[in-house]
Amino acid sequence: MDASILLQILISGLLMGLIFALIAVGLTLIWGVMDVLNFAHGEFLMLAMYISFWMFSLWSIDPLWSLPVSVAALFVTGLLTYRLIIKKVLNAPGLTALLATFGLSILIKNLAQFFWTPDFRHIQGAILSDKAISFFGLHLSLPEVVAAVGSGLITYLIYFLIFKTKTGRAIRAAALDRDTALLMGIDIDRIYGLTFGLGGACVGVAGALLMNFYYVFPSVGSLFGILAFVTVALGGFGNITGAFLAGILIGVVETAGGVFISPVFKYTVVFVMYLVIISIRPKGLFGW
Amino acid sequence: MKKMWVSLTVAAVILFTLGVILAEAADVIRLGSIYPLTGAIASSGLRSKHAIETALDVINNKYDLDVPFARTEGIPNLKGAKLEIIWGDSQASPEVGKTEAERLITREKVALIIGAYQSGVSKSASFVAERYKIPFVCAESSSAELTERGLKYFFRLAPTDAEDSIAFFNFLDEMKAKGKKVERVALLYENTEFGVHAAGEARKQAEKRGYKIVTDIPYPFKSTDVKSEVLKIKAAKPDVILQASLLGDMMLFAKTFKELKVDFNANLSYCGGYHDPSFVLNLKKDAEYFMGQCTFSPDFITKKPVLGRLNEMYKKRSGVDFDGVTIEGFTSVLVVADALNRAKSTDPEALVQALRTTDLKTPTLPGDAVKFDEKGQNIKIISNISQVQSGQYRVIWPAEMAATGMVWPFMPWEKR
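Sequences listed follow chains A and B, in order.
Straight run, no breaks: the first sequence in our numbering ends on number 276.
Straight run, no breaks: the second sequence in our numbering ends on number 424.
Worth double-checking, as some hints may not be accurate.
Claimed, not checked - Each computed DSSO-like pair below joins lysine-lysine, with the alpha-carbon atoms no more than 30 angstroms apart:
#1 A:119 to B:117
#2 B:230 to A:119
#3 B:160 to B:117
For the record, the hints were derived by calculation from the structure and aren't laboratory data.
Values in this document were obtained by computation on a predicted structure and should not be read as measured data.
Chain B with its partners taken away, still in its complex shape:
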């Protein structure tokens, strides 16, 4: 009697699972996504996850918004098939990112991968994707080298740190022309793919334009304290600091600058910790007047109200406003949906062809469009510069995008 029940239950489970699988196969497109969901920068990784989930919501359901795929449900040319993300956790490590890419491709059979926040992880995970000929859409990693590898299946939305360096130095040239002291430049960067590369680009620009690098400080990512780094900066007395740090280190640096009373004219951050709203939320007044490259600021919402509505949706999930990193993540899903729609198939080769010919109008990024060059780099994106003022990220440069005036120099700690 018992044996009969066991067999019946097993049969029922098998039938049910089959049913679910069959049902899924018809209506759902499986995409992979790798982000640091646990570990030292999990808070930033989770925000990207929320941004991507917001995008899935917009695409899979019907919303009256002027955003690609909002007014339809799912992918129109694939009979309304919905998108589903299978998550991979890189734990902030390139090795783990690589393993997760393998798992998503070979076991979960995803059609493509979106990721991975850190340049180091995007680098290793995309090598895996390339090997399996699966497209890798990199939303926010900034190392220019990622699109210099000659990969055929790699696409990136964010501006590169080469672009950002040019923007920073254009900005500094303008300030120099106005008579401000900016010649002495300090480079402060984490010792990873992201930091080392950004510093390399900065050095190139500095040499080209006649700036003096007074100190060059790589430091270990995830430090418990940054006294030695800050003491070296203090001794070098720079006018401007160009910084490449993720959230935890960025917060530590800000606090240590304050503690050791290190003053300078400006601190410009590459895409990283500065952008995570936690920086401002946690440090409050101590985050004021830091600057950084910017692909999103709440200032954009006044010019484009649809961003305000998207921001509300995102904020419900993450508790904070969009920032450059997360909106790039959001847009990457739109790009993928667009490619799926034009390819009319989930076959990787068709997808890659569609991605290569992307010409997508979207209000979500500066430049209002996404288009990839032959190396896979988005050539439409523009970098601005923002500054934290009164707890908000305000766009201050270039002049035609500026929402408000800038505070120069960085107000000395004594005077705050």
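So that you can see chain A by itself, here it is in the shape it has in the complex:
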């Protein structure tokens, strides 16, 4: 196993990991602020990918330029999900919101299959398609590099929003103690809606970037969704830095585990690592 393959493993893992991280950041935000596990998060990703796909197929708009559309659409989707569904079950017993989002995920998945057929859809001929960067025996696909860099940037933006702005402080307050935040004059309803919208927006970016090199079909959300949940749990619920680092860790461990142990066990390695870390630090790497 020569050094270039080793380096390739690390970097390939890092690229995929950054994308997992972005998906997870959206999820952890919602979870951390509202204690709602958005089971439909993977389906939001799928919607974002389809938006990119259709804008490219029907109107030849490159996924890079249609990215703002995906983001806006998913922000609105998140907001609507909150307003129409989550808001009504916030005060209901524990599992109701969970089941509501679970039901939503099934609805979206099957509507997608109904309208768009289960065929795999793929983009070719976009600005980034099929381009690669090669150096020192390393081959990196340009769409993946862009997706990784984009994910990193957006995660930082979210971090900045949450920790360095007034709205961010309001979000953190709502997450810490909802009733006290209410007493302090924070419009919880607005904050919750914003949070869900932001969670959707994150996934909107991830989806648009993924479309450059991945294929979309109605069930694609479940593949990424499961890994997103593990990432969030590993990083600590509600912790953005945690989700970010956990995503990268999972990406690298998955690729390395696959090469050094066996691809059949690549997810086993990830989950074993997760179990070990959780048993040492039950709240996750950086949990509150």
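Add chain B to chain A, keeping to what the hints say.
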């Protein structure tokens, strides 16, 4: 007054339903069919559904085609009774397939079941059918083990992966005799009934014929990325890759081979993702030069024009040409119609007897006929090898079936 209307409506509905049921019972034979209609491989499952619906159309209506039961309407010896399929969705999971089989047999009371695309699902669903003594006609699953279980009610049309492995290695032996480098073989397969079994057969042949397995890579079905698998292949530097993947993974692998610039002399696929026309439609130039086992190619149409007409009918429903998997699905309905016709009854025991004595001439499969041995395996079917050239599946082997020359080696990614 209101109560009267309600009672009248209820009575009318009951009478109507009774009427429908009675009418159906006279004219329609209910068959069950289980395919992955939703979930990760729904696109492949739906294509099989379209193929079966095309067959129903041909059988139930009158067409001037040299295909069994085309020129009649319905089943002649059963007073023209038409066939109807009750669909079950396996969602690509053996557990769900099993439950669907139970539902189709116990609640929908189907006469037999056709299915199920994936070997894993065919395996579990057919165990259920066997228990209830309902025939299970498996059109396209390739795991040889399915017909080694000693089941009495199981029948399979497709070639087994044991047959395919022999075909692949006969092909490789020929290439070796021509001086081509083929000794280093990599096995790449999904970690399911289908993949594990196909790899086992490949290993048997490789050992028998003196090929070196340089790397053996099972991977989890439905991966989000296959970097680790491809990196392992790259490190092993094989001449030939024998692959058992379904559509989604196949597409990912092709892209990742390209991305990581992994070159080899040939990539031969067992019956799976390679065969779904979406592979070529989605990947376009990147699908070129992949090879796979083949029981249908548009090349066959030049030799048998009736296939062209059937293809048009199928294409109207599915948007793509027939491929080996879907034409096996199509033919399985012909086999069922033939069995019903000879049994002159929908009683499962009579059906099974009729299926066992099947000797059906049909232009739809290579071998031109379907006949089952005592294990339920179709002994008439022949596997060819095809290669994707200029966006088409061309038959390249054996020499007497080849429609065109082959491209060897697999053109390196740099040169495309």
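A quick look at each hint next to the structure:
no.: 1; hint: A:119 to B:117; result: violated (55 angstroms)
no.: 2; hint: B:230 to A:119; result: holds (25 angstroms)
no.: 3; hint: B:160 to B:117; result: holds (20 angstroms)
The structure does not agree with numbered hint 1 stated previously, though it agrees with all others.
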